[in-house]
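> Now for the letters of each chain:
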Amino acid sequence: MKGTMSSQIERLAIELNGEERFLLANPLNSLAHTLRDQFGCRSVKIGCEQGGCGTCAVLLNNRLVLSCLVPMARADGARVQTVEGLSKGNQLDPIQESFIRCYAAQCGFCTSGMIMSAKALLDSNLQPTREDVVVGMSGNICRCTGYLPIVDAVLEAAKGRTELVPESAEPGKGSCALEKSIKVLDLQIPGSTGEPENFKEVGKSVPRRDLRGHVTGRTAFVEDAVVPGLRYMKIVRSPHHHARILRVDLSEATRVPGLIKAITHQDVPNNFYTILRLIGVEPNDEPVLADDRVLYRGEPIVAIVGESPQAAAEAARQVKIDFEPLEPVFDVEEALKPEAPRVARQGVNHFIYEGHHCRRVRFGNVAEGFAAADMIIEQRYDTSPIEHAALEMTGCIAKPEPDGRVTVYTNTQALFFSLDNTALILGVPPNRLHFVGGTVGGGFGGKVDVIVEPLATLAAILIDQPVKYFFSREEEMQVSSTRAGERFYFKDGVLRDGRIIARQVRHYMDAGAYARHTPYAATKAAAHLPGPYAIPNVYLDCHCVYTNHTPTSAFRGFGVTWGDFAIESQMDLIANRLGLDPWHVRLSNAYRDGDIKAHRKRVSDAALVEVIQAAARIAGKELEPAFSEMTSFKR
Amino acid sequence: MISALTNSRPQNMFAAFPSYFAPTNSLDAVRLLEQFNERAVILAGGTLTMPEINLGSSGREAVISLDRLGLDQIIIDDRTVRLGAMVRLVELASARALIPLHKAVASIGGPAIRNMATVGGNICARHPYGDLATLLLALDAQLTFSTTRGTEVVDLAAFYAAEDRPRRGRLILSVQFQLPASQEIVFRKLGRRCVNTPSIVTVAARVTRNSAGVVDRACVALGGVGDNPVRSYAAEEALTGKNLDDENIESAAQKAATGIAPLTDSYASAWYRSRVIPIQVRRALSELQAVAA
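Top to bottom, those sequences are chains A and B.
All residue numbers for the first sequence refer to my numbering, where the first residue is 1 and numbers rise by one.
All residue numbers for the second sequence refer to my numbering, where the first residue is 1 and numbers rise by one.
Because the hints were derived from the structure by calculation, they are not lab data.
The C-beta atom is built at its ideal place from N, Cα and C for all residues, glycine as well.
Misleading hints may appear alongside valid ones.
Partial chain B-side listing against chain A, Cβ under 10 Å, derived [to be verified]:
1. 45
2. 58
3. 114
4. 157
5. 158
Pair ranges (Cβ atoms, derived) [unchecked claim]:
6. B:38 - A:333: 41 to 51 Å
7. B:34 - A:415: 47 to 57 Å
8. B:34 - A:337: 54 to 64 Å
9. A:254 - B:155: 49 to 59 Å
10. B:194 - A:159: 42 to 52 Å
11. B:264 - A:148: 27 to 37 Å
12. B:250 - A:331: 31 to 41 Å
13. A:148 - B:79: 29 to 39 Å
14. A:127 - B:149: 49 to 59 Å
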């Protein structure tokens with residue numbers, strides 16, 4: 001048995017991008033973290049730490065691996081290649097050039113991993129088909145581009161290839177592909193080439209300024225900030241959907257070596273959070289750290305700061321909390337029943353809109369409209385919540401400065417919202433905080449809520465050391481807010497020719513446990529629900545309902561996207577029931593200039609008619625003359 | 001040179017990482033497994049164990065690496081195949097003799113995962129992993145274990161059927177099976193995407209027929225429906241002694257989910273799985289029928 005147990009720290013060697021490097025490392029530290037932290041290979045991105053996303057892909061002995069899954073014990077003596085080793089000074093690898101030419105990156109967070117996967121594919125396949133590329137890149141997720149430009153870029157890069165690289169080549173042999181790199185692309189970036197900007201760019205494709213940074217791994221994301229002496233935050237979360245907190249016992253946790261501070265609700269100066277209070281929207285219903293109850297699974301209760309992520313995680317595991325589980329409610333209509341478990345602190349499970357139980361729109365007289373209709377068409381539509389799943393996880397680094405200010409590096413999409421909210425929660429003047437934003441590794445609305453900054457900043461002030469708080473992938477998927485799930489009950493009164501003369505919609509939006517941005521989203525839904533159609537009689541009740549789901553919030557077009565699904569499904573249903581052409585039904589109802597929408601907005605610059613006509617032309621659809629000759633202008 | 005530490009995580013923290021062991025013989029490995037019991041975790045390809053270590057919240061005390069046990073051999077003797085537990089999936093994909101396994105291997109993860117993940121890992125992994133294991137179950141594979149009392153051979157079906165698969169003191173060394181003829185086997189995986197997708201329902205079947213076309217042996221395995229792959233004995237019974245015609249295929253498909261309670265996860269509901277099991281089994285068996293015809 002003796003001799004099999006390794007010491008905690010081993011002296012290891014790797015050949016990194018052609019250079020021999022020595023290091024001291026725990027054999028179980030991941031290659032990804034080692035490359036980033038010890039060798040400054042910031043092209044290696046941490047997107048999930050569980051092999052699911054591909055952002056940390058590198059070549060290990062010429063074979064594609066996910067470096068977060070490689071323990072250093074296994075990398076010892078191996079040849080490692082990262083994006084940093086692809087370009088030689090100004091001379092980019094053809095794959096990098098091709099990614100620039102094809103606009104194959106947007107936020108840039110997945111790009112390094114994509115390029116390494118492309119290299120592994122092209123090193124073993126000189127003439128890949130489109131399908132080969134799709135399969136070869138299938139371990140890399142991109143949430144921005146939709147993949148097409150990436151596949152195009154790999155196919156284009158394949159054209160310049162002439163040699164294969166054998167797998168598991170001995171270290172030190174060198175990669176032949178690198179030597180074949182073609183001449184650097186003339187980027188013509190205004191301001192960077194020495195040429196004066198002439199402002200004559202309309203109608204031309206211009207290279208994106210940030211692509212060169214993305215393909216070389218030099219774009220700095222928040223996690224790439226170098227902050228010496230960093231400490232790490234982990235959150236103890238509720239395992240229950242709804243429970244009373246009876247007791248929080250930190251005694252075991254405080255004995256964990258490496259624990260620096262355990263923070264509870266008592267440490268938070270103003271323990272409530274609602275991003276909308278900056279614009280006067282109340283109630284302040286969401287605690288930063290739970291006090292006497294939890295309303296959703298994953299709600300934060302204790303924030304742990306440790307000397308290492310592992311120590312913080314271990315201490316978090318040792319926090320003992322006694323709960324009294326309460327009955328949860330998940331369905332929006334169940335939650336509104338008088339006997340439903342009470343979720344919201346203000347007493348009713350819905351947001352109150354100026355004294356009303358929902359956001360209401362009343363236009364014309366729907367009862368008269370239904371009476372005059374040839375047919376009533378009713379349908380229910382349900383949609384699910386969706387997680388943004390940006391590849392870069394939500395997070396920030398809060399760094400106390402010697403002058404008493406705190407610098408916060410954050411990937412928020414709403415920098416000053418975050419700063420002001422953090423100042424309110426901490427009870428400090430905003431000028432004590434300096435928020436530094438930067439390239440966001442995918443947001444889509446998921447980085448709008450102010451969740452990480454207040455706690456990281458508070459911890460940094462309390463311990464006077466820099467603190468990093470990043471979600472794990474699991475937290476990102478399960479705890480960060482989602483797009484709200486919605487329910488619609490449509491009732492339309494229609495005439496035989498397809499015109500809608502009355503629409504009544506009962507709509508429920510699931511806010512989850514707390515308000516966040518969903519009261520605003522329900523208002524947007526109310527403005528949007530008639531759709532781009534001129535309907536003379538409209539009656540809308542849009543409810544923002546609290547349940548024991550994860551809070552929901554901003555997400556690309558939130559409040560209207562699911563509405564469009566319901567509206568357009570309803571248009572098809574109407575056409576189907578009446579035996580009419582769905583194109584004609586839409587054009588019969590299309591709003592035009594001068595129409596008044598249900599929420600009293602006069603339509604101007606309408607283009608729906610023209611867009612449908614253009615779509616019909618592309619689709620080869622012949623419209624009846626009455627419709628093909630329509631315009632949005634009313635004579 | 002020793003590089004400068006920048007954001008480096010402290011390397012010598014107690015409680016930072018579990019102890020790392022890389023035993024050089026299997027007896028040492030099983031002794032360690034016995035000693036640490038559930039406080040130990042095996043490190044094979046790393047695709048499942050490293051996430052746990054990265055997150056640092058597992059409470060494990062020991063990580064036992066199989067790197068130095070020499071379990072990465074593929075031995076093909078006529079039609080008998082023995083795969084070492086540490087054989088990477090990519091090695092199966094590049095072995096021409098193992099073509100009957102290729103479709104199952106290609107259905108797993110992306111290229112990087114196949115470069116890392118191992119045969120033993122796929123057998124031990126719980127849902128949503130285990131597509132190769134589903135095929136191995138249909139091939140009547142057997143596992144060879146190392147224990148402190150010597151080696152043990154166990155049918156894969158028995159391994160999965162055991163209520164609790166004890167970890168203590170038992171280590172998979174290899175899996176062995178008879179290589180089927182290509183026209184005897186079928187593998188179908190239904191997922192949410194075309195590639196790199198977890199299984200909603202995986203069907204693997206091996207059906208042998210006599211010269212008259214009558215099924216003399218049928219082995220039907222389902223993956224993606226429970227914690228582990230399961231045999232559909234009802235479908236096997238419905239096929240045995242029958243011709244592989246449309247009627248018998250439909251009958252076997254309808255019975256396939258008998259006694260199987262599919263699970264609900266993020267990818268599909270139990271209801272959905274129950275609905276697609278018969279469809280996937282019918283399509284799988286129809287593929288075999290088409291090959292024969």
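> Tell me, in ascending order, the numbers of any earlier hints that this structure violates.
4, 5, 10 and 13
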